[in-house]
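Residue numbers (numbering that gives the first Met the number 0), protein chains in the order written: chain V, 0 to 175; chain H, 0 to 120; chain F, 0 to 453.
Treat the hints with caution; some may be incorrect.
[To be verified] With a straight-line Cα cutoff of 25 Å, these simulated DMTMM-like cross-link-like pairs (lysine to aspartate or glutamate) come out: (1) 283(F) to 104(H); (2) 146(V) to 66(F); (3) 428(F) to 301(F); (4) 88(H) to 304(F); (5) 283(F) to 37(H); (6) 88(H) to 284(F); (7) 129(F) to 83(V); (8) 40(V) to 231(F); (9) 26(V) to 130(F); (10) 432(F) to 389(F); (11) 229(F) to 104(H); (12) 256(F) to 58(H); (13) 106(H) to 240(F); (14) 277(F) to 85(H); (15) 341(F) to 9(H); (16) 144(V) to 111(V); (17) 106(H) to 266(F); (18) 341(F) to 8(H); (19) 129(F) to 51(V); (20) 88(H) to 389(F); (21) 88(H) to 232(F); (22) 88(H) to 231(F); (23) 160(V) to 92(V); (24) 129(F) to 143(V).
[To be verified] Just a sample of chain F residues kept apart from chain H, beta carbon distances all over 12 Å, derived: (25) 15; (26) 69; (27) 163; (28) 239; (29) 257; (30) 279; (31) 299.
Everything labelled a hint here was simulated from the structure, so no lab data went into it.
Glycine included, every Cβ here is placed at the ideal spot set by N, Cα and C.
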Amino acid sequence: MLTKKILSLVFLFCTAAPILHAQDGEKESNLKAAFIYSFTKYIDWGNYNNNDAFVIGVLGDNTPIISPLREIAERNTINYKRIEIKIIQGLPEEKDCNIVFISKECRFPLSDVLAYAGRGVLTISEENGYASMGTDFNFVIINDKLKFEANLNALASSGLKAGSQLLKLAIIVSGS
Amino acid sequence: MNKILVVDDDTDILGLVEMLLNSHHYKVRAISRWQEIDNSIDNFKPDLVLLDVSLGGADGREICKKIKSEKETASLPIILFSANPEMGKFLKECHAQSFIPKPFELKNLLGTISHYLNPIN
Amino acid sequence: MSIRKKLVLMQVFTTVLVLIIMMIVFIASDIKEYKLRKVDSMLGIAQVLGTNSISMLQFQDQAAAIEMLAQLHNVSPEIIAAEITNNHGQVFARYPAAGEPEFSLAAGMKENSLFRNSRLLIKYPIISSKEKIGDIHLIVQLTELQKLMKSTYKVALFLLLLSVGFAFLVAFFIQSYVSRRLLNLVRTMKKAVSTGEYTVTIADEGKDEIGTLIQVYSKLMEQIKENEKKKDEFIGIASHELKTPLTTVKGYIEMLKLMETEHPKIDFVESAFKSVLKLEDLIKDLLDVSKIESGQLQLAMENFDISRLVDATISSVQMISATHNIVRKGQMENEIIYGDIKKIEQVLTNLLSNAIKYSPGEQKVIVEVEKDEKELTIKVRDFGIGIPVEEHSFIFERFYRTKGSSVHISGFGLGLYICRDIIRRHNGKIWIKSMEKGTTFIFSLPISKKTQIV
Numbered sequence: 000m001l002t003k004k005i006l007s008l009v010f011l012f013c014t015a016a017p018i019l020h021a022q023d024g025e026k027e028s029n030l031k032a033a034f035i036y037s038f039t040k041y042i043d044w045g046n047y048n049n050n051d052a053f054v055i056g057v058l059g060d061n062t063p064i065i066s067p068l069r070e071i072a073e074r075n076t077i078n079y080k081r082i083e084i085k086i087i088q089g090l091p092e093e094k095d096c097n098i099v100f101i102s103k104e105c106r107f108p109l110s111d112v113l114a115y116a117g118r119g120v121l122t123i124s125e126e127n128g129y130a131s132m133g134t135d136f137n138f139v140i141i142n143d144k145l146k147f148e149a150n151l152n153a154l155a156s157s158g159l160k161a162g163s164q165l166l167k168l169a170i171i172v173s174g175s
Numbered sequence: 000m001n002k003i004l005v006v007d008d009d010t011d012i013l014g015l016v017e018m019l020l021n022s023h024h025y026k027v028r029a030i031s032r033w034q035e036i037d038n039s040i041d042n043f044k045p046d047l048v049l050l051d052v053s054l055g056g057a058d059g060r061e062i063c064k065k066i067k068s069e070k071e072t073a074s075l076p077i078i079l080f081s082a083n084p085e086m087g088k089f090l091k092e093c094h095a096q097s098f099i100p101k102p103f104e105l106k107n108l109l110g111t112i113s114h115y116l117n118p119i120n
Numbered sequence: 000m001s002i003r004k005k006l007v008l009m010q011v012f013t014t015v016l017v018l019i020i021m022m023i024v025f026i027a028s029d030i031k032e033y034k035l036r037k038v039d040s041m042l043g044i045a046q047v048l049g050t051n052s053i054s055m056l057q058f059q060d061q062a063a064a065i066e067m068l069a070q071l072h073n074v075s076p077e078i079i080a081a082e083i084t085n086n087h088g089q090v091f092a093r094y095p096a097a098g099e100p101e102f103s104l105a106a107g108m109k110e111n112s113l114f115r116n117s118r119l120l121i122k123y124p125i126i127s128s129k130e131k132i133g134d135i136h137l138i139v140q141l142t143e144l145q146k147l148m149k150s151t152y153k154v155a156l157f158l159l160l161l162s163v164g165f166a167f168l169v170a171f172f173i174q175s176y177v178s179r180r181l182l183n184l185v186r187t188m189k190k191a192v193s194t195g196e197y198t199v200t201i202a203d204e205g206k207d208e209i210g211t212l213i214q215v216y217s218k219l220m221e222q223i224k225e226n227e228k229k230k231d232e233f234i235g236i237a238s239h240e241l242k243t244p245l246t247t248v249k250g251y252i253e254m255l256k257l258m259e260t261e262h263p264k265i266d267f268v269e270s271a272f273k274s275v276l277k278l279e280d281l282i283k284d285l286l287d288v289s290k291i292e293s294g295q296l297q298l299a300m301e302n303f304d305i306s307r308l309v310d311a312t313i314s315s316v317q318m319i320s321a322t323h324n325i326v327r328k329g330q331m332e333n334e335i336i337y338g339d340i341k342k343i344e345q346v347l348t349n350l351l352s353n354a355i356k357y358s359p360g361e362q363k364v365i366v367e368v369e370k371d372e373k374e375l376t377i378k379v380r381d382f383g384i385g386i387p388v389e390e391h392s393f394i395f396e397r398f399y400r401t402k403g404s405s406v407h408i409s410g411f412g413l414g415l416y417i418c419r420d421i422i423r424r425h426n427g428k429i430w431i432k433s434m435e436k437g438t439t440f441i442f443s444l445p446i447s448k449k450t451q452i453v
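Next up, chain V with everything else stripped away, as it sits in the complex (with noise of 0.2 Å):
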């Protein structure tokens, strides 16, 4: 009954949120979706790339940025490969995918996400904090813009690439 509840706070509160600031929180979304189907250009994925499709995987089942990201995935490849918008359901399920958003409506606790994303698996959290704790980017407001981090040694350890280009822009962050 307990955990029950939790849930139901966090999915609130993971629902809540965007519904709070759904104007705003629409063209944040749109944006981070922008910017994730443009984080593809700059990573190689190297031999981790062997699907027919190229997934994006979400954890957070009503986060707005699925919308953006299957108008995205509609209208575009990555690397020739039609886009495919998988809603996570189990962790497991992140052996599928070439990039795991981690939204703020995800359930799973970090870790264990971390867990499940092995390599070749970029990961892509919206969460103050996240980087240092593992993620290979996450998404920052600063000054009313949108900025993200970048952790070298997740990207390392996720035997994933990023272009100077990209990583130029990003804050660079280090932790595990």
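With chain V's structure known, arrange chains H and F on it following the hints.
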């Protein structure tokens, strides 16, 4: 009477001089052809020769020289006669005695002739 | 303007014109090339910048973009402003912040480069994955070009001035080749005309029209000389031939003079004789002139007493002049001079008979002899019709006869010409002075013995 040989290719002047000298009691032989000079000197034996310089084919100066160079005629007085007054300069060269320019003064002609005849006479 | 100046100006003008045209062409092409190179290099920069700013655009990192543009300005200060716009034409990043007025122009540019107001505008698309995501604009100040042009103009002007000076120099030397020959010809012609001497020949090896001109001129001169020679020869022959029948006529008339005593026959004979004498004089003059012209007149020089000659001449002229009284003024001078006695006598006789001829009616003629250290002067003065001042310089010319008189004066007009020639040959001078009534003829002879005489 003195004999004068007059040589001139112009017959008018020849006539004039002959008439002049005749009227002054000279015996005159007047020839217009210079080729006859030698002959005339031999035959006529003149005491004086009045010789025109421009003789139509011959030069009086040369003839004068020739006459003066021959022994028999070396002492024969020769007076040169010419319309060209410059001819007077050649006297010494051809050993002539005197020179009379044309046209001449009567007095001049007669005077010169008698002057050069007298020593001989 | 002389032909020399014309030639020089012509050459200099042509040189300068050609030089200016070439300079303009070269400078223009230099500038064009410079501009092209500039555009190329700026486009290159724009392209690189654009590529570098793709991520900034994608990730909306304005600060990074502005910093990049600022860096650009530090590295290439000639790029005074740069701006990145997105696909909608909105400014994404700009340096300097204030921007420049040309940016508005840049927006509308169809080409990727535009020169305006000593500035170059560059517009280059920022393309990511074959998609245009924005434009980069550069504004380049063309100070370098301006500096280049200024120095080019300075150099060009300097070179131009140098060339003008040089062209003048060269032109001056070159034109002398043409004008020298022409001027030479002109000078020779002038001399020939003024002195009447046609003998001067011109050496010229040129094969052009000037050479032809000189050849033709020489031929003309030869013809003139030939004509002169023929004329003089003719005069010589004519006077010689005339003397022969004259001798006969004179001889017979002289005979008649001796033979006739009764009037009017003796009068007729006297008149005829007078005319014959005149004829003789005329022919003598003609012959003398022809000799002078052909250079055959020679002087028989000797020392003689001029005073005695003057007296003798006066008396012989007086003898045949009933109308005039010739008087000698001044002291008797015993003066020996060196000259041709017969020719001096000829001069005196001529002057005296002229004095008589030109003062009709009973008149006096005064002869005066003077001497000083250097020369002896003889004056013959008449009181006749006189000679007007305008004619003074002409009366010694050949065939000149005074125009103004109503009385017919006989003669060829050769007497004074011959006199002048004789006096000149003695290194003397002869001239005239017009008096109130009549004229004075004066001639001078140098006294020093054995002077060089032509």
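To see whether the hints hold, each was checked on the structure:
1. 283(F) to 104(H): Given that 25 Å is the threshold and the Cα spacing comes to 15 Å, the pair holds.
2. 146(V) to 66(F): holds, 17 Å
3. 428(F) to 301(F): Roughly 19 Å between the alpha carbons, so the hint for residue 428(F) and residue 301(F) holds.
4. 88(H) to 304(F): holds, 23 Å
5. 283(F) to 37(H): violated, 34 Å
6. 88(H) to 284(F): Holds, because 20 Å separates the two Cα atoms, which is no more than 25 Å.
7. 129(F) to 83(V): holds, 22 Å
8. 40(V) to 231(F): violated, 120 Å
9. 26(V) to 130(F): Holds, at about 22 Å.
10. 432(F) to 389(F): holds, 12 Å
11. 229(F) to 104(H): With Cα atoms ~32 Å apart, residue 229(F) and residue 104(H) exceed 25 Å; violated.
12. 256(F) to 58(H): Distance of about 34 Å is beyond 25 Å: violated.
13. 106(H) to 240(F): Holds: residue 106(H) and residue 240(F) sit about 23 Å apart, inside 25 Å.
14. 277(F) to 85(H): The hint holds at about 21 Å.
15. 341(F) to 9(H): violated, 29 Å
16. 144(V) to 111(V): violated, 30 Å
17. 106(H) to 266(F): Distance of about 21 Å is within 25 Å: holds.
18. 341(F) to 8(H): violated, 30 Å
19. 129(F) to 51(V): Holds, at about 23 Å.
20. 88(H) to 389(F): violated, 42 Å
21. 88(H) to 232(F): OK: residue 88(H) and residue 232(F) at ~21 Å, within 25 Å.
22. 88(H) to 231(F): Holds. Residue 88(H) to residue 231(F) sits at ~22 Å (cutoff 25 Å).
23. 160(V) to 92(V): Judged against 25 Å, a Cα distance of about 23 Å means the pair holds.
24. 129(F) to 143(V): violated, 31 Å
25. 15: holds, 69 Å
26. 69: holds, 118 Å
27. 163: holds, 68 Å
28. 239: violated, 5 Å
29. 257: violated, 8 Å
30. 279: violated, 6 Å
31. 299: violated, 8 Å
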